[in-house]
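**Q** Below are the chains, spelled out letter by letter.
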Amino acid sequence: MPSKQDNKLKLLWLQGVTCNGNTHSFLNLQNIEQLLNKFEILYIPAFSTNYTIDKIVKCSLDCDILIFEGAYDPFMKRAGVNLKELLFHYMKDSKQIIALGSCASFGGVFKESAPDRITGLLFNENTLTTTFLDYKDKIINLSGCPIHPEWLAYVLNMLLKNINIELDDLYRPIELYSTLAHHGCTRNEYFEWKIDAKKFGLKEGCLFYKQGCRAPMTHSSCNKILWNDESSKTRVGTPCFGCTEPDFPRDNLFQTKTNMSIPQDIPVGVPKRSYLTMAGIAKTFHIKRLEGKLIDYKTDS
Amino acid sequence: MARISKEERKNSIISASLQLFSERGFYITTIPDIASKVGMSVGNFYNYFTSKDILAKELLLYIADYLGQEIKKINESNLTTEEKIYEIVSMYFNLAQKKPEMIEYFLRVYLSNREVFKDGCEGMVCVSSFVTEMMIFFDDGVSNGDLHSQDFFSAFGLFMGYLGGMVFLFGEKILPEPLENYKSSISLNIYNALKTR
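If you're matching them up, the sequences are chains A and B in order.
First residue of the first sequence: 1, per the working numbering; consecutive thereafter.
First residue of the second sequence: 1, per the working numbering; consecutive thereafter.
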């Protein structure tokens, strides 16, 4: 008689070129044990699991869900076995493949070390690669450096419930990546009135104009599904680095690229002419409440 | 006889008031003066503009939109940055000669009577269509590597201040040569000042 374990989806977590950042982030998930107990865990590098990596690389098992963390390097080996061979074996019979993090999705930070060789699992930045193209319909990209733990939990829960996950052009779940990091940012009023943060660490001011914030151009839910349930980069005064996008990491992350004081990149889908018209007019006005420290402002001042 | 549309009436008020304001000055020109020049009653004038201040702001929007549309055409052309500079200079000087009241209004009414424009036309509010196109021009020029990046207002002031100064000298009949003769040298000077080094 089959045991309850036999009915569980088998989950395997493999790593390419990685800093383990997504693993570390996932460890912050509340109820992580409850979620993972719903799967038969074959192997997760950070946990004690049913099988060791030595057993996994023998390619005698199969999995339902393959999580791949890190960039893909065709020369890389795991426990002496070529990564490509490993991936082909486990991708073949898997129901779903999750490319976890920006390195697995697009190449990310580790692509920088060997740009001509290292890629994401399915994409090289925003271009489809050919190696695993046959499996593209199984692949979900969860970009982010690192991913928010709830993003992976969302995908795993959807797979458990056998609900279709709608993806964008870069194979990312629309539910998580249709919004911009800008949405929900507590500095939005400063963005509207074009008031920049005068220095790092202030609660007041927008980080878009001088400090390199990519939130209006970055598809993510960082200010919607908050980190540690309470915060985000922009909320604590660090610009969004655009880490969910294929061009991450860009140069000069703390600097806004401007042409004659005009931001080179402007919010997604906004015509530059329209943006400049709005920005020019907004800059005309001086809103006293937004010019100083918020806690110092008196309503009748 | 064909009936004159409301839009045509409005345009004739704009044209007449531009001429009167730039020739006589904003405060000396009265609404009866404008109505008389257009050939309408003062009462009818108020059907189009409810005050002289509102008319003044409409005129500014009208000029800014005109300049903006002209520069937009140049921005969207396939010309090089250097050629675009020549076209902008040329367009501005042609306007100064063919419709001097438009440039005169900008220089002598708008810039000299700021109190008229302080409510509703602050900063870039009424001139944004023109300034936006200059932003697009500079942004394109830096993006394609022709111009060096610098503070927007440093570049804007150099470009438009220069043109305004030349038109002022032209209006004062100080220039020894026709304005036309200065297009090439001024365009080259602007390009040399802004180009990538």
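Don't read these hints as lab results, they were simulated from the structure.
Note that the structure is predicted; figures quoted are calculated from it, not measured.
Hints may be right or wrong, so weigh each one.
Stated by the list, open to error - Mimicking DSSO-like on lysine-lysine, the simulated pairs with C-alpha atoms at most 30 Å apart in a straight line are:
| hint | chain 1 | residue 1 | chain 2 | residue 2 |
| --- | --- | --- | --- | --- |
| 1 | A | K257 | B | K72 |
| 2 | A | K272 | B | K52 |
| 3 | B | K118 | A | K257 |
| 4 | A | K288 | B | K118 |
| 5 | A | K283 | B | K52 |
| 6 | A | K298 | B | K72 |
| 7 | A | K283 | A | K210 |
| 8 | A | K283 | B | K118 |
| 9 | B | K118 | A | K293 |
| 10 | A | K136 | A | K161 |
| 11 | A | K210 | B | K72 |
**Q** Next, verify each hint and record whether it holds.
**A** Evaluated hints:
1. K257/A x K72/B: Distance of about 24 Å is within 30 Å: holds.
2. K272/A x K52/B: Since the Cα atoms of K272/A and K52/B sit roughly 34 Å apart, the hinted pair is violated (cutoff 30 Å).
3. K118/B x K257/A: violated, 33 Å
4. K288/A x K118/B: The given pair, whose Cα atoms are some 18 Å apart, holds under the 30 Å limit.
5. K283/A x K52/B: holds, 27 Å
6. K298/A x K72/B: Cα-Cα ~44 Å, so violated.
7. K283/A x K210/A: Distance of about 15 Å is within 30 Å: holds.
8. K283/A x K118/B: With a Cα-Cα distance of about 15 Å, the restraint between K283/A and K118/B holds, given a limit of 30 Å.
9. K118/B x K293/A: The hint holds at about 28 Å.
10. K136/A x K161/A: holds, 21 Å
11. K210/A x K72/B: holds, 28 Å
Consistency note: the structure conflicts with the earlier hints numbered 2, 3 and 6.
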